[in-house]
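For chain X, the structure is supplied; the task is to place chains P and D on it using the hints.
Order-wise, the sequence lines are chains X, P and D.
The numbers in the numbering used here rise by one with no breaks, and the one at position 237 of the first sequence is 237.
The numbers in the numbering used here rise by one with no breaks, and the one at position 59 of the second sequence is 59.
The numbers in the numbering used here rise by one with no breaks, and the one at position 68 of the third sequence is 68.
Hints listed in this document are in silico derivations from the structure and should not be mistaken for laboratory results.
Among these hints, one or two may not hold up.
In the PhoX-like style, the derived pairs of lysine-lysine whose C-alpha atoms are separated by at most 20 angstroms in a straight line are [said to hold, decoys possible]:
1) 165(X) to 164(P)
2) 165(P) to 165(X)
3) 165(D) to 259(X)
4) 165(P) to 21(D)
5) 110(D) to 277(X)
6) 277(D) to 165(P)
7) 165(P) to 165(D)
8) 164(P) to 223(D)
9) 165(D) to 223(X)
Simulated coverage check for chain P against chain D, where a stretch passes if three residues somewhere in it have a Cβ under 8 angstroms from a Cβ of chain D [said to hold, decoys possible]:
10) 152-163
11) 236-245
Per label pair, the in silico range of CB-to-CB distance [as the list claims (entries may be wrong)]:
12) 165(P) to 286(D): 44 to 54 angstroms
13) 100(P) to 122(D): 21 to 31 angstroms
14) 101(P) to 167(X): 35 to 45 angstroms
15) 99(P) to 286(D): 43 to 53 angstroms
16) 54(P) to 272(D): 16 to 26 angstroms
17) 274(X) to 302(P): 21 to 31 angstroms
18) 79(X) to 97(P): 50 to 60 angstroms
19) 5(D) to 238(X): 31 to 41 angstroms
20) 14(P) to 109(D): 53 to 63 angstroms
21) 100(X) to 298(P): 51 to 61 angstroms
22) 104(D) to 123(P): 25 to 35 angstroms
23) 22(D) to 238(X): 46 to 56 angstroms
24) 8(P) to 295(D): 51 to 61 angstroms
Don't be surprised by glycine CBs; every beta carbon is placed ideally from N, CA and C.
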Amino acid sequence: MKFSRPYDVSELAEMLNCDFKGAAKADGMNEIHRVVPGDIVFTDHPKYFQKALRSEATVVIINDDSVEIPEGKAILITDEPFTAFNKLIDFFSPMQVPSEQIATSARIGKNTLVMPGVFIGNDVEIGDDCRIYPGAVILSGSKIGNRVIIQSNAIIGSLAFYYKKRESRFERLFSGGGVILEDDVEIGAACTIDRGVTDFTRIGAGTVIDNQVQIGHDTHIGKMCLFASQVGIAGCVNIEDGVTLWGQVGITSGATIGKGAVVLAQSGISKSLEGGKTYFGYPAEEARKKYREMASLRVLPDIIEQLKLEE
Amino acid sequence: MKFSRPYDVSELAEMLNCDFKGAAKADGMNEIHRVVPGDIVFTDHPKYFQKALRSEATVVIINDDSVEIPEGKAILITDEPFTAFNKLIDFFSPMQVPSEQIATSARIGKNTLVMPGVFIGNDVEIGDDCRIYPGAVILSGSKIGNRVIIQSNAIIGSLAFYYKKRESRFERLFSGGGVILEDDVEIGAACTIDRGVTDFTRIGAGTVIDNQVQIGHDTHIGKMCLFASQVGIAGCVNIEDGVTLWGQVGITSGATIGKGAVVLAQSGISKSLEGGKTYFGYPAEEARKKYREMASLRVLPDIIEQLKLEE
Amino acid sequence: MKFSRPYDVSELAEMLNCDFKGAAKADGMNEIHRVVPGDIVFTDHPKYFQKALRSEATVVIINDDSVEIPEGKAILITDEPFTAFNKLIDFFSPMQVPSEQIATSARIGKNTLVMPGVFIGNDVEIGDDCRIYPGAVILSGSKIGNRVIIQSNAIIGSLAFYYKKRESRFERLFSGGGVILEDDVEIGAACTIDRGVTDFTRIGAGTVIDNQVQIGHDTHIGKMCLFASQVGIAGCVNIEDGVTLWGQVGITSGATIGKGAVVLAQSGISKSLEGGKTYFGYPAEEARKKYREMASLRVLPDIIEQLKLEE
Numbered sequence: 001m002k003f004s005r006p007y008d009v010s011e012l013a014e015m016l017n018c019d020f021k022g023a024a025k026a027d028g029m030n031e032i033h034r035v036v037p038g039d040i041v042f043t044d045h046p047k048y049f050q051k052a053l054r055s056e057a058t059v060v061i062i063n064d065d066s067v068e069i070p071e072g073k074a075i076l077i078t079d080e081p082f083t084a085f086n087k088l089i090d091f092f093s094p095m096q097v098p099s100e101q102i103a104t105s106a107r108i109g110k111n112t113l114v115m116p117g118v119f120i121g122n123d124v125e126i127g128d129d130c131r132i133y134p135g136a137v138i139l140s141g142s143k144i145g146n147r148v149i150i151q152s153n154a155i156i157g158s159l160a161f162y163y164k165k166r167e168s169r170f171e172r173l174f175s176g177g178g179v180i181l182e183d184d185v186e187i188g189a190a191c192t193i194d195r196g197v198t199d200f201t202r203i204g205a206g207t208v209i210d211n212q213v214q215i216g217h218d219t220h221i222g223k224m225c226l227f228a229s230q231v232g233i234a235g236c237v238n239i240e241d242g243v244t245l246w247g248q249v250g251i252t253s254g255a256t257i258g259k260g261a262v263v264l265a266q267s268g269i270s271k272s273l274e275g276g277k278t279y280f281g282y283p284a285e286e287a288r289k290k291y292r293e294m295a296s297l298r299v300l301p302d303i304i305e306q307l308k309l310e311e
Numbered sequence: 001m002k003f004s005r006p007y008d009v010s011e012l013a014e015m016l017n018c019d020f021k022g023a024a025k026a027d028g029m030n031e032i033h034r035v036v037p038g039d040i041v042f043t044d045h046p047k048y049f050q051k052a053l054r055s056e057a058t059v060v061i062i063n064d065d066s067v068e069i070p071e072g073k074a075i076l077i078t079d080e081p082f083t084a085f086n087k088l089i090d091f092f093s094p095m096q097v098p099s100e101q102i103a104t105s106a107r108i109g110k111n112t113l114v115m116p117g118v119f120i121g122n123d124v125e126i127g128d129d130c131r132i133y134p135g136a137v138i139l140s141g142s143k144i145g146n147r148v149i150i151q152s153n154a155i156i157g158s159l160a161f162y163y164k165k166r167e168s169r170f171e172r173l174f175s176g177g178g179v180i181l182e183d184d185v186e187i188g189a190a191c192t193i194d195r196g197v198t199d200f201t202r203i204g205a206g207t208v209i210d211n212q213v214q215i216g217h218d219t220h221i222g223k224m225c226l227f228a229s230q231v232g233i234a235g236c237v238n239i240e241d242g243v244t245l246w247g248q249v250g251i252t253s254g255a256t257i258g259k260g261a262v263v264l265a266q267s268g269i270s271k272s273l274e275g276g277k278t279y280f281g282y283p284a285e286e287a288r289k290k291y292r293e294m295a296s297l298r299v300l301p302d303i304i305e306q307l308k309l310e311e
Numbered sequence: 001m002k003f004s005r006p007y008d009v010s011e012l013a014e015m016l017n018c019d020f021k022g023a024a025k026a027d028g029m030n031e032i033h034r035v036v037p038g039d040i041v042f043t044d045h046p047k048y049f050q051k052a053l054r055s056e057a058t059v060v061i062i063n064d065d066s067v068e069i070p071e072g073k074a075i076l077i078t079d080e081p082f083t084a085f086n087k088l089i090d091f092f093s094p095m096q097v098p099s100e101q102i103a104t105s106a107r108i109g110k111n112t113l114v115m116p117g118v119f120i121g122n123d124v125e126i127g128d129d130c131r132i133y134p135g136a137v138i139l140s141g142s143k144i145g146n147r148v149i150i151q152s153n154a155i156i157g158s159l160a161f162y163y164k165k166r167e168s169r170f171e172r173l174f175s176g177g178g179v180i181l182e183d184d185v186e187i188g189a190a191c192t193i194d195r196g197v198t199d200f201t202r203i204g205a206g207t208v209i210d211n212q213v214q215i216g217h218d219t220h221i222g223k224m225c226l227f228a229s230q231v232g233i234a235g236c237v238n239i240e241d242g243v244t245l246w247g248q249v250g251i252t253s254g255a256t257i258g259k260g261a262v263v264l265a266q267s268g269i270s271k272s273l274e275g276g277k278t279y280f281g282y283p284a285e286e287a288r289k290k291y292r293e294m295a296s297l298r299v300l301p302d303i304i305e306q307l308k309l310e311e
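Next comes chain X alone, as it looks inside the complex (with noise of 0.2 angstroms):
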């Protein structure tokens, strides 16, 4: 997410009500996955202090004032780190409330079909050649390219899951970010994709999604890839070009697949893997370690009988 001009962090610590060290500007906030030199990030663990500011980013909101600054960059210090990061979304980024069915703020191309029923949300943006199929909602902070095809109750720009736990109750973070459907993208029905935190999720060209496929904040999604139905993909994955995940597999939060990497039914990823190779079996591996595997496993009850004779 990136400002209309450059903040000093002074002037940030006045928004926030904080201290704050160091002399920098910021000129744009992100996630800790995404963040990008000049960017605001925050953190309230010791375990990743130096994960954040080591980072590109520039302001690192904190809950420590002892820790050394980077040359370049600089803190604000608070208590509450996440609530001050969400403070800012709003500031930024305010929530858009919708009070039509159709944005009139939205801009929609030429030959873009929108069926009866499609909700479209505040600016908007859709490109030429479009179908949008009835009952799908696409909600503000999506930009989507030309002869983009939505299906029927797909869902753009759904809400981040996430969260900071606190005593009595999981406070959200804000989703201030929003969802880039490159051109030729072909989203199932009942599709949901996640808006990112301050950035976007991203769906590179041509990639095509099955029915009822999930796909978290801020996940980097490359071009040509194939999804089959009920695939589940946590928030910031990156998945890189020409990848294939057949139906109803799941990838944790975080991981990376390499170009042109085969996934399997019903697998689970729980790390990242290479490209080029094909995967299987929970946690995934490559198809044909796993194969052996499961050749082993069938004999095993045999052998065990085998086993219990001889004793």
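Using the frame of chain X, we list chains P and D on its own:
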């Protein structure tokens, strides 16, 4: 489900045009997992006769007039207890046919934001400061607390998946119950929360649920639980406070998950689990036990090869 | 898909601006899994040439003019059989663009309850005594029997997930078929039922389906089946009568599941299964065999430890 007044078993017998034995009054009715004193319950298989007769229920609809009736209870005798029970649901909680997008009989609290395209059924109650996103469907029988978020195309109050198999069709049990979402509950996009058969499906205060989660009829979920995307929970499940279920977990009907349990992604739960532990796999077992099995499976192919060489 | 009259192969060649060989008339077209005599089918890979030429189809669109043509058949010769087939679908079953929430051309039976917010496409047929819940989407090409229940936000007639991979994009096969739901079928909330490519996806009388189930294009489901929540069935699957699939089961494309089979929760079916048995696991095998494997896996870590000690 509680009635407006107690009904004598003789009255009920007249309504159902059937015989009765014993003397008792009933002031409600419920599914066997949820009965309380005063309730009517039904049973039609000798295997479950004693369970029904010894339950908290006061009146039992049954297809056997020779059973011994516990003190203070009564039975209604019919060849088709399921159909008789269905008749009573229909009498005490007739289906409410909606005719408006937002029922005039619905009560909606202050500062609650109902976005375009939302459906709200007859007599639905929604508290203050809620946000209901475009396309959400809230059917009659739903009671929703304060500060609740319901995302796009989520369905609150879908019908219980509960049938009696007949020769040529499945006879559906009518759904006369509802759904309670307590304060600060958050429901993801495209979730489906079934209503109770005669009682409430209940989600405790502060529980947050990601997209595309299914929750069956009469399931009770505690406070401050967190369920990731594509979790599927069957009917009549009890989930205690503070339980975490990661993506694509499935839970079988009738199971209890103890307080604070954590279930890792894609696990399948086929029986009740103690609280305070971490579980994994299908059937789900303690994760460290499962990891040990997985490690041993990984070396099994080489061991088998070795055994063959030695022979 | 049947045409209004037979077309001579010379006419078709003219429409496609391509060459032909042989003499025959076609009165319909279909996907290879569903062809009947008189149909046009396509093939573009030598591996499948014989399958297509020897199928029930009468006319084969093919990218090789040197194949031997069976007696009574004809071929249409083009470099791009997929694109040619797509052109014919578009000609014989042009996309119907809906302009109304409930099409005036839809035929809706008596005592059928269509609740607010339902979409019904052009020429849809719905029988008597049905209940269609708020937010359900029934696209053109759907034929629905009597006493059918379709719950909220379910989608009947989403597009087939069927593509030809090109250099820089996936070329979608047009969906010119439809969906048939026979009498007494019940479809859960947020289900997605894809239409056939040129034929019908079909769900047999009395089959009941829980929430969030996916059914692919051209799949045929028998009578009196019961599918629990979050089941995913690919395209061109054949499920015979009385099959039970428990929660989160997945079935691969083209498989046949025999009459009365029961598949336990979360199983993955990668090939056809005989009827009358209970299956479990991934790949799904007979449950008792799988249980034996699971029991042996449970003792494996101790056996391996033992083996190490003995060395």
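**Request:** Hint by hint, work out which the structure violates, then give me just those numbers in ascending order.
**Result:** 1, 2, 4, 5, 7, 11, 12, 16, 19, 20
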